[in-house]
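Residue numbers (our numbering), protein chains in the order written: chain A, 1 to 905; chain B, 1001 to 1109.
Think of the hints as simulated: they come from the structure by calculation, not from any bench.
Heads up, a few of these hints could be off.
Here are the simulated DSSO-like pairs of lysine-lysine, each with C-alpha atoms no more than 30 Å apart in a straight line [as the list claims (entries may be wrong)]:
id : chain 1 : residue 1 : chain 2 : residue 2
1  : A       : LYS208    : A       : LYS228
2  : A       : LYS67     : B       : LYS1107
3  : A       : LYS67     : B       : LYS1065
Some chain B residues flagged as far from chain A (calculated, every beta-carbon gap over 10 Å) [as the list claims (entries may be wrong)]:
id : residue
4  : GLY1023
5  : ARG1055
6  : ARG1074
7  : ARG1096
8  : GLU1108
If we take Cβ atoms under 7 Å as the criterion, some of the chain A residues that face chain B in the derived model are [stated by the list, open to error]:
id : residue
9  : GLN25
10 : PHE26
11 : HIS27
12 : SER30
13 : PHE53
14 : GLY54
15 : ALA59
16 : GLU62
17 : ALA66
18 : GLY177
19 : PRO179
20 : GLU180
21 : SER553
22 : LYS556
Glycine residues also receive a C-beta, built at the ideal position from the N, C-alpha and C atoms.
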Amino acid sequence: MSWLSRFTSVFRTGNLNREIEEEQQFHIASRTDELIADGMEPAEAARQAHLAFGNPTRAREESHEAKVFSWLESIRQDIYYGLRALAKAPGFAAIAILTLALGIGADTAIFSVVNGVLLNPLPYPHADRIVTLFDEYPQFKTGSISYPNFLDWRQMNRSFSAMAAYRVQAHILFGSGQPEHLQGEMISAGFFDILGVKPILGRTFDKKDDRLGTAPVAILSEGLWRRKFGAAPDIIGKRLVIDGVARTVIGVVPSTFRLRIRNFQKGGPLNSFQGGAQLNEIYTPIGQFNQPQFYADRSSPWGMDAIGRLKPGVTFVQACGDMERVSRQLAATYPGIDSNQKANLVPLKKEIVGDMRPVLLLLLGAVSFVLLIACVNVANLLLARSTGRQREFAIRLAVGAGRARIVRQLLTESILLALIGGGLGLLIAKFGTAAALAAVPQTVPRAESIGLDVYVLLFAVFVSLGTGIIFGLAPAWNLRHANIGGALKESGRNFAGTRSRTQRVLVVVETALALVLLIGAGLTIRTLFALWNADPGFDPRGVLTFSVAPQTSLAKESPAAIRAFYQQLHHRLASTPGVEAVSLSWGSTPIGRDNESYFWFVGKRKPAQTDDLPMAIRYRVEPSYLKIMQIPLKRGRFFTSRDDKNAPPVAVIDESLAKKYFPGQDPIGRYLVANLYPSAQLNAKIVGVVAHVNQWGLALDAASPLHAQIYSPIAQFPDDLVRHDAGGANVFVRGKGSRTPSFELLERRLHAFDRELVAFDPMPMQQMVSGSIASQRFTMSLFALFAGLALFLASIGIYGVLSYFVGQRRQEIGVRMALGAAPATVLRMILKDGARMIFTGIAAGVIASLGLVHLMSSMLFGVKPTDLPTFVLVALVLCAIGLLACYLPARRAMRIDPVIALREE
Amino acid sequence: MARQDSFQGSIPLLVLKILARRGPLHGYGLTTRIKQTSQDILNVEEGSLYPALHRMEEAGLIKAKWAITENNRRARMYEITRAGMKELEGEEARWRIISGAIGRVLKEA
């Protein structure tokens, strides 16, 4: 116990010693005064007084010991009594502990997610100084940056100590065996320095690497290094053939580095392969990107974004102002290209966490309601229990225990309950969080940093202590009415009145809380149903997509040879058993990657400046695409095999484009001009209108600013674009009878056709569609879980309190029945009592919900926050379950035998 | 030594009795009271009274609060509690029985 007493002395010693010393000094001073009054010299009097007092230090130590020891002793006693009291009522203890474990467990689980995602700092040194940069267009806030603009930003800004660009890039690694697809990123020199990532081998890119014409180099991720090269230490200096270029490996970066800036559904004119969920395995210098247009064309960004580190002392707001100045200058220098754009700065953490913040905070709010309901339940349990203990308290008061001492005892008991419940809850949180994250992979950003750490433990302890004190105070509060004589005489029934009022209020409160949660859950469930029923504009069932990358030598062939190659590939796939139709595709893929072009119409006035032109999502597909995706044709026709290189160019637009630019007119026969690449313009006749396709996923499409869609046949592409297409294609395959074709089978067919061909990223379209509502599913599942928990706890609470009331009124009911009350009357009386609490709770809950639901309006889809059917249905469900919880004790009351009940007196 | 110990053991009883009869008193007052009424026979190191007082306080037999004396000093005033009264009754009775018994033994042995 000595460590404990030392520990408690830390915070009790100061005051205690001062008091004891002051008391001693008073004594000595009084003695001195008296001796002086008796005629002694003051100095001698003081000496005598000290002498008579003896050793003050020893006395002080003894006093101190007495106090600290007895304090500790009394705590030990409280804990002992508390445990004994709980052990004497194991049913009560079990219910209370389980209730608390559920509440605290759920709360801690969500907090551990909030802690990992929102609160924990990013794993980079001074991560709060890192900013992501985008180019903001009128249509997108987070568009990509063109390389010339990036170079000017980097050179002209005054707020960043470093700025680096990055761009997702798929690579094909040749060499040992089958060529392999690798997810990679092209980055500027200094990219890793900004993030503070040190290579585990070799070095990172410097300025000399980051330009065309220098020796091609690459950095590997630790994962690739271990997987493919067996962690060979002599990897540095080795040459790897990547996309047909021999690159020297100069470094390996640790696998703990996993920067995942969401570049999924970001919007913006992207040309790149995206696959944002995958980890990068290889890095190349962006300055070695072998695309002359990339460096020359300021108006077309290539899916490139940037990060920067703020100079010491520069605030985020100052940096925003600085970059606005840079943007204005560039707009003045390059009118028509940069005039509608400006730099958009987002703190790195905010960018990574993205839309998860409001969702997590909402869930944390929801789960605190569950905890509150758990607290209310346990408070009610304790109140009911303290009735039976009135005599015990009264006796203890009578033998001289202070009221404070009894309150302390009550609090000790409730804190013990809460701590045991909290410990159990921590286990629930640990396994619950792991299970929840495994159930919805890739939904929560930074999932790897979620877990039990010191903060989560502290949170659990804090919440447990807090709840213990809150619900423990309820019975303690009632103790203020305690009247010893009365309690002893009347078995404590004299203050049942005030307590039953407290209990009624608590039932109303928990009913209201449960209603709020149920309404929230109802709204998220309706949202998910609306999303499930939302028409994506195509039929994903039975469709498989993947990407192919032919040998790099293909790009050196003639356009005719490239066309022939892809035609062959098409036929090979189409003749695979079980395949109904195949379409190669470039440009955008629904709910996948996106690719946009400026466009205008022949015969309509063309805006003077390029960046005032409207934008459309571009799909470059084969005639079979419509059949594969089952997109409804609204007017005219789709492509046929006759729309080839020799036929006049044609295009098909979607309904939303037709509605916006040809309201009430027939767009068929009109001519549309679109810039394919700066070098190539398409001038095509509109031959058909198809239904709109949800490019941005079920949840986001409606809110996205970009809807217009243009389809063009790949057969009509100009030669230089065909050469660019030699790098790879997307493939859409529909299986016979809506059965998704097997990727392995298709891959084997492809390898039989061309051994060096790489097929990668297979994904059933259905999975793409359901993946686009994963975060809504996550929110709904948790909300529904919490609401279910709330409903369960609240009904137990109602049941418990009503049972208690019936128990309290046994004699009264017995008298009533003896005087001729029918059992049905008794049943009605009890039900009415319960119904009054439930209805009041529901009314309060509806009012609270009306005030709270707007918080979740941004998370809803296809349903208003004040959706009447949800409110009505939820109220009815709660009412039904609440009344059922009342019915059981009411039925028991009805069966009371008046003879037995009255004899109990 | 033995004599002092036995007296030390009786301090709680004396304190309770004085407080029960005289009402709230500070430590110095208690010392003076014990000395005067025992005509200086029960005279110990004055400082040793305090640990005893503090132990009694923790046991809930007496309670204390700070007050200002007529000399304008802050003093800790002790007061007997209900539990203290009960203790006093029991202890006083026990003391009378034991001292009576000892007296009889001394007289008649």
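Would the non-interface assignment of B:GLY1023 survive a Cβ cutoff of 10 Å against chain A? Correct as stated: the minimum Cβ-Cβ distance to chain A is 18 Å, above 10 Å.
Please verify that hint: A:HIS27, Cβ, nearest Cβ of chain B, below 7 Å or not. Result: holds, 5 Å to nearest chain B Cβ.
Was the hint right that A:PHE26 lines chain B, CB cutoff 7 Å? holds (5 Å)
Close enough to count: is the Cβ of A:GLU180 nearer than 7 Å to one in chain B? violated (77 Å)
Is the straight-line distance between the alpha-carbon of A:LYS208 and that of A:LYS228 30 Å or less? holds (28 Å)
Status of B:GLU1108, Cβ more than 10 Å from any chain A Cβ: holds (39 Å)
Would the hint on A:PHE53 be counted as holding, given a Cβ-Cβ threshold of 7 Å to chain B? This hint holds: A:PHE53 lies near chain B, its Cβ roughly 4 Å from the closest one there, short of 7 Å.
Regarding the hint that A:GLN25 lies at the interface with chain B, is the smallest CB-CB distance below 7 Å? violated (9 Å)
With a cut-off of 30 Å on the C-alpha distance, tell me whether A:LYS67 and B:LYS1107 pass. Answer violated: A:LYS67 to B:LYS1107 is near 43 Å, above 30 Å.
Given A:GLU62 was flagged as interface, is its beta-carbon under 7 Å from a beta-carbon of chain B? The hint holds - A:GLU62 has a Cβ within 7 Å of chain B, the shortest such distance being about 4 Å.
May I ask you to test the interface hint for A:GLY177 with respect to chain B, counting a Cβ-Cβ separation under 7 Å as satisfied? violated (81 Å)
Exclusion check [B:ARG1055 not at the chain A interface, CB over 10 Å]: With a cut-off of 10 Å, B:ARG1055 comes too close to chain A, as the shortest Cβ separation is near 4 Å.
Comparing the model with each numbered hint stated earlier shows that hints 2, 5, 6, 9, 18, 19, 20, 21, 22 do not hold.
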